[in-house]
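Residue numbers (the numbering used here), protein chains in the order written: chain Z, 199 to 547; chain L, 692 to 886.
Read the hints as simulated data drawn from the structure, not as lab findings.
The C-beta atom is built at its ideal place from N, Cα and C for all residues, glycine as well.
Be a bit skeptical, because a hint or two may be false.
Claimed, not checked - Sample of chain L residues facing chain Z (criterion: CB under 8 angstroms; computed from the structure):
# : residue
1 : A752
2 : Y756
3 : A757
4 : T760
5 : S767
6 : T783
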Amino acid sequence: MDYSVESNLHELITSTTHKWIFVGGKGGVGKTTSSCSISIQMALAQPTKQFLLISTDPAHNLSDAFGEKFGKEARKVTGMNNLSCMEIDPSAALKDMNDMAVAQNGGNEGLGDLLQGGALADITGSIPGIDEALSFMEVMKHIKRQEEGEGEKYDTVIFDTAPTGHTLRFLQLPQTLSQLLDKFGEIAGKFGPMLNSFTGGSQNMDIMGKMNELKSNVEKIKQQFSDPDLTTFVCVCISEFLSLYETERLIQELMSYDMDVNSIIVNQLLFAEDDSEHNCRRCQSRWKMQKKYLDQIDELYEDFHVVTMPLCAGEIRGLNNLKKFSKFLDTGYDPKKDNKVIYELEEQK
Amino acid sequence: MQSSVIWVSIALVVALRVLQWGSHYRDNVIDAIWCKPGALKLGELSRKRQDLQRQQRSTSAQDEYAKWTKLNRQISQLDTQLTEAQAQLKQTRQVGEKALSRLRLILLTAPLLLLRFWKGKVAVYTLPQGMFPRMIETILSQGWAALAMAPMRYVWAPGALKPLQLETPVCLGIWIWALTKVLDTAEFVVRSLIQ
């Protein structure tokens with residue numbers, strides 16, 4: 199395998215400019231392991247900075263990967279001073295919205311009673327795309343906090359995303375919201391005072407003001423997501439046709455959104471020819487198939503950092519195992535020199 | 692002058708009717724004048740796409756993944772170009788249709804309308820006397836007022852009736868209307884016979 203660019207993520211791991219890093223790919227290829235690995239390596243390489251790893255996948259795995267519980271509030275990983283994790287919980291976020299709406303409604307009968315029953319959460323909770331919308335709201339909240347200097351400040355946010363389709367929908371949100379707000383702005387411009395009166399005399403919401411604020415935040419996000427110095431997408435795949443084809447589609451789609459994508463992690467590789475002790479016929483056959491696709495990846499993605507990672511004998515869970523595994527993202531994995539590590543992972547209880 | 696007006700009217704009515712009968716002419720004219728370059732481009736892109744698809748079908752996605760994917764990328768690019776070319780062709784066609792409608796309006800419809808207003812009262816021919824009963828001829832030549840004024844004639848000019856020289860002209864406006872109706876009826880008869 200001959201790669202014209204470095205076959206590691208050293209450049210990304212030591213980057214001082216990136217604020218948003220997305221890690222995504224098909225289901226079951228190792229996104230969570232890769233996103234945890236990238237976060238750990240970045241935190242170790244830049245100890246003076248703060249990093250936040252957010253899971254936008256409704257089927258969260260961060261807690262399982264690190265072996266400790268994370269929630270909707272960011273919490274530091276045990277053993278790391280500058281790495282925090284967060285799992286966005288859509289139902290909890292919706293409940294918070296519901297409670298806020300109840301508080302704002304005050305003594306209003308009818309609507310207040312309805313909301314207190316959790317009606318808002320029930321209605322909105324099952325809307326397709328609500329998970330992506332809530333993750334996006336989290337991003338906007340984070341930007342707002344950074345600008346206003348509130349709360350914990352994070353230099354880089356790493357996203358452990360949901361499988362491809364959901365992530366693409368999430369990334370389309372800035373564009374979709376921007377268009378929606380433009381349309382809404384036109385309508386509100388014509389019917390603004392009438393809309394304000396719908397909300398009730400005591401509330402007096404300034405719809406136009408809130409919309410403009412939301413629009414300005416969305417525009418900021420759009421700009422940041424299309425700046426290659428600030429945002430990048432790391433694709434994770436395995437060396438099989440379906441995964442590679444989905445990766446190809448993902449990359450094409452990301453390019454159409456003007457999002458920078460120049461790194462691919464190819465996981466679960468067997469490197470059977472370099473493992474003289476454990477080299478069954480099945481592994482040989484599978485490795486032959488993987489190698490065939492790896493050679494094709496070289497031809498297709500000449501300008502990409504293509505990082506090859508081994509399939510380990512055990513699960514990569516817990517901070518220690520993740521540290522051992524993740525260093526190959528920085529230095530690259532040499533199957534001849536480094537193959538001992540795949541048998542050295544500690545069993546997680 | 693009068694005969695030229697009549698001939699011009701006949702020409703305009705017949706031309707409009709012929710255009711109506713040959714309604715498919717419109718698409719052919721628009722295609723020939725406005726849409727040819729766009730259609731050629733679309734055809735070329737479609738041929739290229741078909742070639743690439745043929746190549747892709749003969750390539751194994753698993754054994755030659757890189758080649759297959761590169762062909763796929765080219766096909767996706769061509770799809771985008773095809774969509775753009777189709778949209779452009781549609782726009783060009785709309786421009787052509789608009790231009791053709793405007794041309795028809797200026798060259799045929801408007802002149803006919805002007806002719807009806809401007810020369811509508813020109814007499815195309817006169818009906819021979821004695822064709823209709825006297826009372827009807829009086830109304831046709833002198834209007835309803837003549838009928839109302841008829842009893843007054845006996846008061847103002849008593850005595851034997853002098854024969855009236857009544858002319859019953861058919862004006863251009865009515866004649867064009869009649870011609871259009873005749874053509875409509877002829878068209879209806881022919882269509883019924885064919886069906």
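**Item:** In rising order, the numbers of the hints this structure does not comply with
**Value:** 6
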